[in-house]
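Enquirer: Spelled out, the chains give:
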Amino acid sequence: MKTFLVAAFVALFSMAAHAQYEQVNLTVFGMDCAPCAHAIHVSMKGIQGVDTVDVDLNTGLVTIKLAPDNKASMRQFNEAVEKNGFTHKDAEVIVRGKLTGTAAAPFLEVTGTTDRFALAGAGADIAALLGKAVVVAGVLPQAPKGRVADTLKVKSIAEAR
Amino acid sequence: MKILWVSVCALALTGPAMASDHGPVFGYATPVNSQGEVSCDVGLFGRGGTLGTQLSSGTGCGYGITPHITVTAFLPVSFGSGALPESRVMPGGEWATGVSWRFLHSVTSVGKRVESTASLGVVVPGPLADSGILAGQHRAAGVAGTVASGYASRSQYLWFGGGYTRFAEAARDRRPDTISWSGVYGYRPVKLRRGYEQWDYRGFAELTGEHTGGVRSSGAVVPDTSTTSVWLGPSVLAIFKNIAIEGGVQAPVYRDASDAVYGREKVRFAINFSYLKFSGHNSSH
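Top to bottom, those sequences are chains L and A.
Sequential numbering from 1 applies to the first sequence in this note's numbering.
Sequential numbering from 1 applies to the second sequence in this note's numbering.
Hints should not be assumed to be uniformly reliable.
[Said to hold, decoys possible] Computed list of lysine-lysine pairs in DSS-like fashion (alpha-carbon distance at most 27 angstroms, straight line):
#1 K71(L) with K98(L)
#2 K65(L) with K266(A)
#3 K89(L) with K45(L)
#4 K65(L) with K112(A)
#5 K241(A) with K155(L)
#6 K45(L) with K266(A)
#7 K266(A) with K89(L)
Hint data in this document are derived by calculation from the structure and do not stem from the laboratory.
So that you can see chain A by itself, here it is in the shape it has in the complex:
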């Protein structure tokens, strides 16, 4: 049982900004599970461009070890043959391991809090082959770290975050390092600040950006494979007690990538369903 538990923990993921029940669907955010809480996410993530599309379907689970430390497991499967840049904001086919720690948690008044969360994990290649420039590349594991800070209240949310992923080399091939960042503003209208036994809605404006380094193949950097892009779009989160449904779409506002290698990526979308199982167990009796 101990080995099984360690294995589950070892499959925890922090890499991509996977949608997680309380937060935005694309950007980085600070919420973690409460102690004993199990969260399960099922999502569909899509990217479309002139050189094809890519769809990822992912299943993730999280467990709150303490009120501020959560391990999560997310195992995506990627479909499609799109030639698209490496992304850590949008899930690809990689599995990963890690843990999130909410190291700053300042509760200022009713409904308001300021907090920061850091995540660290290991990303490992999934079972399906990559497409585009990464097709046929030897694959190796990588490390991923993220930090997010933000403010949450009954009316407004604001989060900023960033992440870095670096892959190891395999047979002189190496996936590109990725720096990603995001800024998210959320708003819940006055009429929707209702009791918790009704649907809870809020809208987000999500700005995300990524810079990927060059792809290394046979020891040399493949020309024109480094990219930078910035994306903007809305998303909506609806929660009823312990069930959350979230969807969003983004379009590029800045793009510096080779059309010949990657085509023109035009749209990103995400739909996510979350189920939260809270623990009624208390240690004091």
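One chain only, chain L, in its complex shape:
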């Protein structure tokens, strides 16, 4: 029984450790000056698990790199933008998660968060990855204020190592 519990704990831990956002490139509209960028930087750094934040005022691109084992959610990134009075547009993400659903309607579940995205454009080989941990690079389209997009447009998908 004890061995079983330890094994279950290790399995659960390893799943969580490999299921998170690795990088989020978020386009933000409305930032015109240094304090705007600094405000975004401080807000993003306030999210647990965020490692580095880079803000480019001229392109509006906010690049967030996250530490392993983080449990940050997409809602937190959007909120960090909204609380400063700006608007978030499309976000390019690299995220680890578990592939669920069916080959016709696959979903990515980001373990450790409540984030769950329908995958669009995942390709024909998706069936082989169902039930496995995967790394997905894709685009989350702009969502209305206070919401997170439901669908992740896949650019690439691979089994997580």
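On the provided structure of chain L, position chain A as indicated by the hints.
Expert: Just chain A now, kept in the frame of chain L:
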């Protein structure tokens, strides 16, 4: 604690176009604090004329309740014995209460936004006596409202705004009502559109104007106390991350005021230092 917080909110100010971190130093502008942001301003404001000078030193703090609603507190102290017209563009010795609401906020593209902000507050006399025609007057509180609209981008800024202040009567004395307005153009040169970890500079051309009504004393309007003036001058804003330093000077381009009562006001200047403390707290975890 609740009472203390309410008291702090009650000391929030919107009256004069006090310099505020992102905007011009004289004119009205639209920026408000982000949610949870605390801003602190310390400024020195001067007016000089043929009948003396007036210096005001003010300390202000603001807090963003939401991304679009900010309360600020600004407690100026005024020095000097200049006989100068009432002004709401330049801080005097009055404290005030109020709140600013950015009721229009349209983000159009990277770095660009169009927005409008309204402020409403109560102005109360400060602890120091007034000078000039207002010396010895009984003082009462007033209400102040302002509206500003404008456009902000990485390269250019344009703001227009106006305000109105009306004081109550005290022992049949009353300070003059004031209508004020401003137009501000700002520009950031191409070479200065840099990363946010470098100093961020921009220059403004600030046009401000004021019309003050007559001063009422013992129930009667004092003759020749109504004034109208328009001022123009440059200002420069420098920001590094969360610290801002701003300075500007203005000269009159139009003036309709009694020389006998007010002399000839020749110059206005302002220097302001801001510190911004942004909140890293997020409500979702």
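Enquirer: Confirm or reject each hint.
Expert: The hints, checked one at a time:
Proximity of K71(L) to K98(L) is assessed by CA-CA distance (about 14 angstroms); at most 27 angstroms being required, the pair is judged to hold. At most 27 angstroms may separate the alpha-carbon atoms for a hinted pair to count; K65(L) and K266(A) exceed this at roughly 55 angstroms. Using a Cα cut-off of 27 angstroms, the hinted pair K89(L) and K45(L) holds, with the two alpha carbons roughly 19 angstroms apart. A distance of roughly 26 angstroms separates the Cα atoms of K65(L) and K112(A); the hinted pair therefore holds under the 27 angstroms criterion.
Distance check on the hinted pair: K241(A) and K155(L) sit about 35 angstroms apart at the alpha-carbon level, beyond 27 angstroms; violated. Under the criterion of a C-alpha separation no larger than 27 angstroms, the hint pairing K45(L) with K266(A) is inconsistent with the structure, at around 48 angstroms. Of the supplied pair hints, the one linking K266(A) and K89(L) is violated, its CA atoms being roughly 49 angstroms apart against a limit of 27 angstroms.
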